[in-house]
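If you read the protein sequences in the order shown, they are chains Y and G.
If you're matching positions, the first sequence starts at 57 in our numbering and goes up one per residue.
If you're matching positions, the second sequence starts at -6 in our numbering and goes up one per residue.
Source of the hints: derived by calculation from the structure; they are not laboratory data.
These numbers were taken from a predicted model, which means no experiment stands behind them.
Do not rely on the hints blindly, as some may be mistaken.
What the hints assert, rightly or not - Chain G stretches covered by chain Y per the calculated footprint, using a threshold of three residues with CB under 8 Å from any CB of chain Y:
1. 98 to 105
2. 159 to 168
3. 363 to 369
Said to hold, decoys possible - Which chain Y residues stay away from chain G? Per the calculated CB distances, all over 12 Å, these:
4. S133
5. M184
6. E246
In this text, a Cβ means the ideal position worked out from N, Cα and C, and glycines have one as well.
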Amino acid sequence: MTDDKIIKAYGDALDDGAVQVSFTLPLAAGPQAKAAAASLAEAMGLDQAEVVHMASQGAGFSFFVVYGHCHHQVDLSTLQVTELELEEMDLFEINDYIRDNIGRKLNVVAACTGTDAHTVGIDAIMNMKGYNGEYGLERYPWINAYNLGSQVDNTFLVAEARRLQADAILVSQVVTQRDVHIPNLTRLVELLEAEGIRNSVVLVAGGPRISHQLALELGYDAGFGAGTTPRQVASYIAREIVARKLGSL
Amino acid sequence: MKLQLDAGLVKECRDAARRIAEEVQAFIQNRTTVAVERTVLRLMGVNAALDDVPMANIIVEGLAARGELGLGAAYWLGNACKQLNLSPQEAAAKVAAGELDLLALPRLEPAGLRPFLHELAEPGLKRIADNRLERKRLQQKLKMGPAPLLYVIVATGDIMQDVPQAQAAAEQGADIIAVIRTTGQSLLDYVPHGATREGFGGTYATQENFRIMRRALDETGEKLGRYIMLVNYCSGLCMPEIAALGALERLDMMLNDALYGILFRDINMQRTLIDQNFSRVINAYAGIIINSGEDNYLTTADAVAEAHTVTASQFINEQLALAAGLSPWQMGLGHAFEINPDMEDGLLLEIAQAQMARQLYPDAPLKYMPPTKHMTGDIFKGYLHNSLFNLTSVLTGQGIHLLGMLTEAIHTPFIQDRYLAIENARYIMNNARHLKEELEIVPGGRMQKRASQVLAKAAELLSQVAEIGLFSALERGMFADVKRSREGGKGLQGVFMQAAEYYNPFLDNMKAKLDRGMEND
């Protein structure tokens, strides 16, 4: 739409900055609460903030929908975006690639660690049946896929990774509270380093709140967000093992 | 709106499920577990802790370590109470403090001690029966919302934060509040003590936390003129203990499904089926509605291909519930709205499945779970997805309706997520309240064919399971695509054979009263 390097949110016209936000305030609904909502929106950078909806949620809480024109803008030239460059292969190509370039089956150990009980992400990548018609890693003849399930303790995961001689470790974090996934992910890296095996495995984090950038910052080799398919993960792991010459353990 | 279901096939399903349940009951009958024995002690009034270790655990672990659990914990504590003239709690405190060795006392003849054990059991039995009457009185006075009853969870980890969120949800229109448990509690082999303010993804289930939330919801219920039901999770390694604590503190509903623990928490099947039986007897006696967890199967297995496993498991759960003395109105059998929303006519399959469940268990409230597997970060689509679920629920007359959160798969619900979910459900359920009375299902049409097909597959699966038994079926991965071994999983070391003189005064009393029919049903 625009060649400018400086952009604003778009509602109905270029640079109108139109956005919608919704939030709760710990106030009973009324004129004061409404004024507080508008004031908060302005503090967020919304000009002409309009509280289009206020509703009582009971027990002294109110819900708001606010529209406004956000005066903040983004200079694209200042952004650093780290994206995983992925040469994607399909199931057959990946198997051929492992057979031809590594010559043995890869051991992939996966777990949903810490307090997280949601296995939807790891199951979508690992399960035989896969997800949305794409087979998971358990279906790959040249991969030994071990899904340890949910609420796996980091120390247990590291012990299993050792026992199974993991080439790659996949960690999933789906639903977390108060950002508990960050220290939990960091802890695994520390444990792997303490055991001296961090550099001999490909370490991958996944989940709706995981970006490649965040994964790198936490000391992982790659991060995969929502919508990732098994073949993307498998392609990455296989190529990374070859690139880092990890295959000949 | 009605499906034509083959009555002969339905009977085949029930007969097979009954055979499956009978085999399980025969296995349970002469076994006990550390959790069952702790529950007996708790019901006798042993609810204190020493340095945060529950005295029930101290006593039962002591007996188990010395190989003396076969007679049951009631015998050993009763033997001491009788001879030393102590109350169960007083005797337990002496054992915990190391001042009393239960095995060192002269041993009274077990059969002769039974009348005394009945006396010790009486106050606990009375308190639970009184709670049942009190619930009935309050529900008559305050009324309940129309079904489907709206069920939401609170999960802050801090009971003091849970209270205002639960009260707000009730004010918004929720009928049922579940305080979801902290992650991993199902794997603890003890129930923590006291009020707790730290948990992840949920709050510890403790007797004190139950009491705090019960009192708060009673207050809100009085204010709103509606009885607000309280739910917790009677699953995992402390199944019967949680049932006992819930019964003592007048909870109204309990998640209570051994199959869920076996498949999804890797709890040993022998342990948890024994635990489940006693927990269900307690729930039956306390007038608590149980919820089963078949809905979870569809979070790992495909909702279209594996729908019959849900139906088959419901039949089994129904028979196991009947064997424990539960009445149909107490059976919140689980199922879920988990078909991929991008599938053409997926809604038709959901309606067929929900309507079939409604007709198969006409007197059970049924617990209907919202979409989770196909929820993404697209909260707007998620909200719409939940709307179709809400419509299906009111159209098929479900009893217990778990509200879907638009932020499922993002975070534990914010207060506004819950508010929006309640608004959505109230709008749709009010707007389409009597639609089910105005529609007919086309004979030979898509929905009719789908229901017939699922029922036929369920019957086939049940006959296979009846052939090999439930334990073998679980070993072969016939439910939820998950395989579990008979000797594997957590908690097997807590299973014991009963001695010939074993006695559990609560189990016998409750079963006897349930068999006669609870007078206040």
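Quick rundown of the hints versus the structure:
1. With 0 residues having a beta carbon nearer than 8 Å to a beta carbon of chain Y, the region 98 to 105 of chain G misses the requirement of three or more and the stated coverage is violated.
2. Counting residues of the region 159 to 168 of chain G whose beta carbon lies closer than 8 Å to any beta carbon of chain Y gives 6, which reaches the threshold of three, so the coverage claim holds.
3. With 3 residues bearing a CB less than 8 Å from a CB of chain Y, the region 363 to 369 of chain G meets the requirement of three and the coverage assertion stands.
4. With a least beta-carbon separation of about 28 Å from chain G, S133 of chain Y lies farther than 12 Å from that chain, consistent with its non-interface assignment.
5. Annotated as non-interface, M184 of chain Y brings its C-beta within 12 Å of a C-beta of chain G; the closest such distance is 8 Å.
6. Residue-level check passed: E246 of chain Y sits 20 Å from the nearest beta carbon of chain G, beyond 12 Å.
Of the numbered hints stated above, those contradicted by the structure are hints 1, 5, listed in ascending order.
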